[in-house]
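On the provided structure of chain A, position chain B as indicated by the hints.
Chains A and B are the protein sequences, given in the same order. For the first sequence, my numbering begins at 1269 and goes up steadily by one. For the second sequence, my numbering begins at 90 and goes up steadily by one.
Read the hints as simulated data drawn from the structure, not as lab findings. Check the hints yourself; a few may be wrong.
As the list claims (entries may be wrong) - Derived DEER-like restraints, expressed as beta-carbon distance ranges: (1) B:L140 - A:G1325: 51 to 61 Å; (2) B:V225 - A:T1375: 48 to 58 Å; (3) A:E1359 - B:P292: 55 to 65 Å; (4) A:G1325 - B:R350: 20 to 30 Å; (5) B:L281 - A:A1287: 52 to 62 Å; (6) B:A300 - A:T1345: 52 to 62 Å; (7) B:L281 - A:T1375: 20 to 30 Å; (8) B:I243 - A:A1287: 52 to 62 Å; (9) A:G1418 - B:E352: 48 to 58 Å; (10) A:A1391 - B:G98: 12 to 22 Å; (11) A:E1463 - B:V225: 24 to 34 Å; (12) A:E1501 - B:A269: 41 to 51 Å; (13) B:R350 - A:G1418: 20 to 30 Å; (14) B:P108 - A:T1345: 45 to 55 Å.
Stated by the list, open to error - So these bits of chain B aren't anywhere near chain A, every CB distance computed over 10 Å: (15) R111; (16) A247; (17) L267.
By construction, the Cβ of each residue, glycine as well, lies at the ideal position given by its N, Cα and C atoms.
Residue-level listing of the chains:
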Amino acid sequence: MPLSRRPAAPPRLACVSDAPAVEVTGLVKSYGRTTAVAGLSFRAERGEVTAVLGPNGAGKTTTIEVCEGYRRPDGGTVRVLGLDPVGDARELRPRVGVMLQTGGVPTTARAADYLKVMARFYASPLDPAMLIDRLGLAGSARTPFRRLSGGQQQRLSLAAAIIGRPELVFLDEPTAGLDPQARRATWDLVESLRESGATVILTTHYLEEAERLADRVVIVDHGTLIAQGTPAELTGASGQVRFRAEHGLDTAGLLDALPAGSAVKESPAGQYLIDLPGGADPQIVATVTAWCAEQGVLAQNLRIESRTLEDVFLELTGRELRS
Amino acid sequence: MTEMTDAPGWPAPHPGAAPMPRRIAAQAGLELRTLVRNGEQLLLTLIIPVLLLVVFSSEALISTGKGSRIGFIAPGVLALAIMSTSFTSLAIGTAFERRYGVLKRLGATPLSRSGLIWAKAASVLVVEAGQVVVIVVISLLLGWHPVVSVTSVISVIAALIIGSAAFSGLAMLMAGTLRAEATLAAANLVYLVLLGVGGVVFPLTKFPAAARPVLLLLPSGALSDALRSVLRYGAGLPGKDLLVLAVWAVAAIALAARTFRWE
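Next up, chain A with everything else stripped away, as it sits in the complex (with noise of 0.2 Å):
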């Protein structure tokens, strides 16, 4: 038997499987004058959530469909699952499910049907009626597109979007406008999703949201990167613990018992603010609660907190994330 010449692996297909589930260089992208995302670097990994988390206008549905395809990048590069969204449209159209911010189904198809259609596209895609009843949809599975409410047709979209079980989905504000039951099914949804082994891409303007569900976040701001990493990274380590007693308190005392670089103040009067650069714990409140004790006072409201993504936002834009 001849001995086979070609290489064990061709190096390409090496480099495709090892490649981040989306990894986005420098993206560029105008709209006649208007620039959307200016210079915009960011990766996804594999098997994780990925959130993109920003304003409304600050370029995320346009890095989105980027991504899916939809727009060629005017400078930059994006590669999807190591390919090429535009170039290799083929290869990626099975293996990634796209949700669309609005819009995407006939007006007049029931949604039972419609996600039978779309499951007939693939190899071997979920039961339709199982999802239609995990998204509580099964009440509605007869009625045309047009006549379900806004949240029934954002799940509808949602399913349509992972019914060929892609290893990799974008959902463009899965959320948005949904009530807060129909919100927690998409969340668990996503979930679920994660724990099968997909990657999820999601764009947001919820900050519970990106806490919740993000392995990553990504936020941006005016088509550019603010910052990134996981949620624990962003919020940082930092901590704060707050209680409220009498007014006047001398605390220099305490400071002094306090790790180096904390800070503590009285704002307004009678509520106690303790910066901790190095995050609360066990140790300290003991501290504080040991100095209250000495000082014969009782800590009331006391509470030990953390960064929000929301004061991470804030504080690097100086601007509310909703306003």
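The following block gives chain B in isolation, referenced to the frame of chain A:
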């Protein structure tokens, strides 16, 4: 509603596309069901042609020349039915799908854009086959005696298919460039104009001699002339009409392919 408390793990990713014929058949089926459920579309594709057939064959509303009225009207109504499906109905449906992001979304599925075009072509042909059966059966009941021969059957099928291609190309040209509301208005207007000057119910011989050659160069005139010359007068292959339709088909499809905007 049952709560799925002990739900097993979510199925792991298992991506892959179904075979092309299955994808196209699934989408064509959806398009057909959409069409059948849509009242206005049925009015255009079936009810109006059948009404015209019945009314104009029974009453001497217009002079249709020598021979039976049904022998004149039936080929014209067949041409109208083809126009209503492959032009008006296709243009309006596609324009609104574009407006609501349906085409955009399908472009991200394994169906792909070319698969969508094939699905639309298949659903148009199935609807037209149904229309032809209904119109022929009713016409025969109304006393129609078309010329039936191998040549006439081949000629009629060729005219219907090339005519459909021409009208579909024009429909996609309109749906892919104009706003949905503009397409709705324009497609209905063109339908009415072609109904008037397309040799459907008014013989082209009633128009001024100078206008006739121009009207025969329109796809509607060419299609009705081809069907009528074969089915009513037993003429051979209507080469000139088929050529006119083929030129329209090639030009319209090429232009639509260049100008079509998917969103």
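To test your reading of the hints: which numbers does this structure violate?
2, 9, 11, 14 and 15
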